[in-house]
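J.: Sequence:
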Amino acid sequence: MRKENKQHIHPLVADRGTPLEPPITDKFGRTFNYLRLAVNEHCNLRCIYCMPEEGAPFLDQAQLLSTNEIKIILRAMSDLGVKKVRFTGGEPLLRKDIIDLIKYSSQRSIFESVHITTNGLLLSNYIDQLEQAGLNGINISLDTLDAEKFKKITRRDEFQKVIKGLNAAILSDIKHIKVNVVAMRDFNQNEILDFVELTKTNDITVRFIELMPFDSHQIWKTGKYYGADKILSHLREISND
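Residue numbers for the sequence shown follow our numbering, so the first one is 2 and each next one is one higher.
Careful: at least some of the hints might be erroneous.
Cβ-Cβ distance ranges computed for the label pairs, FRET-style [unchecked claim]:
hint : residue 1 : residue 2 : range
1    : 61        : 135       : 28 to 36 Å
2    : 59        : 240       : 40 to 48 Å
3    : 201       : 234       : 15 to 23 Å
4    : 74        : 179       : 20 to 28 Å
5    : 135       : 26        : 23 to 31 Å
6    : 147       : 241       : 20 to 28 Å
7    : 161       : 57        : 20 to 28 Å
8    : 22        : 135       : 38 to 46 Å
9    : 200       : 126       : 45 to 53 Å
10   : 28        : 195       : 36 to 44 Å
11   : 25        : 173       : 27 to 35 Å
12   : 35        : 64        : 38 to 46 Å
List of simulated lysine-lysine pairs, BS3-like, C-alpha gap at most 27 Å [to be verified]:
hint : residue 1 : residue 2
13   : 85        : 150
14   : 176       : 231
15   : 225       : 84
16   : 179       : 152
17   : 225       : 179
18   : 201       : 176
19   : 176       : 162
20   : 97        : 28
21   : 97        : 176
22   : 104       : 152
23   : 225       : 150
24   : 231       : 152
No lab work stands behind these hints: they were computed from the structure.
Ideal Cβ placement from N, Cα and C applies to all residues, glycine included.
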């Protein structure tokens, strides 16, 4: 069993607007100020475009970064001028220390913005803790507003729990709530207007994104791909009606 790194982590002493080290830049001179950190790979859904229904080759718990190791990474990135962090997975709410990691990131002035991307299944259970920990924003992955379609795409009958989580997020004091929708031909393209309507009655943002091809999951080769040009064209048609 791997021993946890016991290195002590000191609080920042400099103003968070001033990096303690020269900032990270790319070859074009652009400053790297945003970190996406996948804290696990486990998920409680099995979306057909993401992973197989059974037998996904997950790492053992002992192979994942420990709480302290993640905090070391967060501190190092802050020292290098990173101002925003987003916790992703897998499903980050399956990680038992996720509240601690969010609290560490937000309440010690390490980052200006702390967000999480989740499938929403456990969100209603954790929304109060997330709010108290100082979370600034939530991205919820939701591809359909139809319970049967949800069951088909995720291979799990958990639609109502996700909607409950979305409603809990909307009613919370967490400022930035966003819904990510993977647009797919002949599956949910006819729901684009329904998702747009959500933004009229709720203080949320809806983002339509393209189906991402994974080599091990070939759904994108079956004609379901619905490109950004098609999404934009569909939205223009809606706005003109």
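J.: With reference to the structure, classify each hint as holding or not holding.
T.: How the hints compare with the structure:
1. 61 x 135: 28 to 36 Å: holds, 31 Å
2. 59 x 240: 40 to 48 Å: Hint holds: Cβ distance 43 Å, inside 40 to 48 Å.
3. 201 x 234: 15 to 23 Å: Once the Cβ atoms are compared, 21 Å apart, the range 15 to 23 Å for residue 234 and residue 201 holds.
4. 74 x 179: 20 to 28 Å: Because 24 Å falls inside the window, the suggested range holds.
5. 135 x 26: 23 to 31 Å: holds, 28 Å
6. 147 x 241: 20 to 28 Å: holds, 25 Å
7. 161 x 57: 20 to 28 Å: Since residue 161 and residue 57 have Cβ atoms about 25 Å apart, the given range 20 to 28 Å holds.
8. 22 x 135: 38 to 46 Å: Given a distance of about 24 Å, which is not inside 38 to 46 Å, the answer is violated.
9. 200 x 126: 45 to 53 Å: violated, 25 Å
10. 28 x 195: 36 to 44 Å: Holds, since residue 28 and residue 195 (Cβ atoms, about 42 Å apart) stay within the stated range.
11. 25 x 173: 27 to 35 Å: holds, 33 Å
12. 35 x 64: 38 to 46 Å: violated, 26 Å
13. 85 x 150: Roughly 34 Å separates the two Cα atoms, so the pair is violated.
14. 176 x 231: violated, 30 Å
15. 225 x 84: violated, 37 Å
16. 179 x 152: holds, 21 Å
17. 225 x 179: holds, 24 Å
18. 201 x 176: holds, 16 Å
19. 176 x 162: holds, 21 Å
20. 97 x 28: Violated. Residue 97 to residue 28 sits at ~38 Å, over the 27 Å cutoff.
21. 97 x 176: Satisfied, since the Cα-Cα distance of roughly 24 Å is no more than 27 Å.
22. 104 x 152: violated, 33 Å
23. 225 x 150: holds, 14 Å
24. 231 x 152: It holds: about 25 Å lies between the C-alpha atoms, which stays within 27 Å.
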